[in-house]
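Given next are the chains, with one letter for each unit.
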Amino acid sequence: MRITLAHFKEQTLQHLRAPGYLLPTLAMPGLFWFLFEQEDQEPVLVTFLMASYAMWAILGVAFFQFGVGIAEERGTPWERYLRALPLSAGQRLAGRALSAMGFAVASAGVVIVEAHLISPVSVAVDRWLPWLGALLAGGVVMALGGIAIGYRAGPRAAVAVATLAWLLLAYLGGLWETPGELPGWAAEVSRYLPTRLWGEATWAAVLGQTAPVRDWLGLLAYAAGFAAVATWGYRRDEGASYR
Amino acid sequence: MTDAARGPQAVAELRGVHKRYGQVDALHGVDLELRPGELVALLGPNGAGKTTAVSIVLGQRRPDAGSAWLFGRDPTIPAARRFVGATPQEIGFPDNLKVGEVIDLVRAHYPEPASTQEVLARFGLLEVAGRRTRGALRGPEAAAGGGPGLRRQPPGGDPGRAHHGLGRGRPARAVGPHPRVRGRRRHGAADHPLPGGGPGPGIPRGGDLGRPDRRPGQCRGHHRAGRAQQGAPAGCLPELPGVARAERTNDHHTLYTADADGLVRALALQGVAFSGLQVERASLEEAFLSLTGGER
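So the protein lines, in turn, are chains A and B.
For the record, in the first sequence the residue sitting at position 180 is 257 according to my numbering, with numbers rising by one throughout.
For the record, in the second sequence the residue sitting at position 121 is 1188 according to my numbering, with numbers rising by one throughout.
Calculated directly from the structure, the hints in this document are not laboratory data.
Positions of the beta carbon are idealized from the N, C-alpha and C atoms, including for glycine.
Take these hints with a grain of salt, some might be off.
Partial selection, computed: residues in chain B whose CB lies under 8 Å from chain A [as the list claims (entries may be wrong)]:
1) Q1127
2) P1130
3) F1160
4) L1334
5) Q1337
6) G1338
So that you can see chain A by itself, here it is in the shape it has in the complex (with noise of 0.2 Å):
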């Protein structure tokens, strides 16, 4: 627990220092809302578009933290002075989950205090709990993602990638407008996109309706293989590093 708690401190420390991850995460979706959706009046539609944008900021986090953070540090001398270490693969993983999940909850919680104050938005206090439930989990498929993408992407790479699949899948998602307002094309994709998934079953919980199972099968299928390729990934990683 103290190396898990040490590595958190690690992760967290870096990643306050690090502009070019609090930009995206912390600052972006704060500021969007305040650009684009203060204008919004009708209650529905901004509580869904700030569940939309909480979301957002999650993906974030979980695209930037786990996907660039993992591919820049893999291979590096430090990382294989880490396995030097009395350290387990676990708890250095854990170390950055704990971290990111703080991370996640200050940037949709930007969002969310944000959306209370200057937009009409209403939660029933009932809904609250299904609605956070239901970040979280499609903020744990994310980060699966995230890792992902760490692992396939080059170091290089990884900040391209992760910023174009943050920025599309958050489009074609309909987590900027709503999916209706895309237009065709984009709309026919968007059904099978897992931000759109993960969207139709937040929307649901922060609505009160009921909970689509579909989305919920959908979003399941993609963590498994997201976790696969991440896997595969680690383990393709791990070969080349130190076989």
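On the provided structure of chain A, position chain B as indicated by the hints.
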């Protein structure tokens, strides 16, 4: 030697270890045994398998065949590495961490670690503890020796430095923060190629590391090895203690010794008239040659 006598006592052990990288046979049936209190150096030319052997001892790689033990356990189990300090060939720190924070992180992995202050003081890092590793450890002032960065060579002759990668044989480029366990002997592994590369001295040759001749303290000998040159007229040199090898060109003597201080003292005490005395540090390669009787 029976297994019972060997297993629990050895600090680290490789038995019949094979390791291939594609077509390259890195280790071919290597046996190695390190016992408590021993100071062992693995020397060999590039490609001899030194790095691979050490990384298997540290649990970073798994042998294709054969066995490895660290304190009687599988080195890939994290707990087996609890009493090992390792200084890798290349060192790099997370840019956004401060020096003290790196030490804090490493300390957290060990039971009863030395305090951060103690470690900072030991490596002359007190002044840069609050600075990010990038500026503190790689800055121009550290390279110039103006600031007490990790590159600075510490004064004095602590034999423990050898396994901290701070040996005097080469610039102290590689320094890992290893908080020492109080009251317990800490074992270390340092792994550096011989300077110059090329077809160097060859105990472990052809990918076969073999079993180095164990001599307690031989590493210490390397690092204290010195070379005294003096300009006394030829033939004036009396019998001097601790001279491993003597060379003479015209009226110039070059003496190789493990104890340069002692040799200079003896020169002075025996009243040898000398001028132009120079004490140089022997290179790792020279030390190696003197150990192996000059064989290449």
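Identify every previously stated hint that the structure contradicts and give their numbers, smallest first.
-> Violated hints (numbers, rising): 2, 4, 5, 6; every other hint is consistent with the structure.
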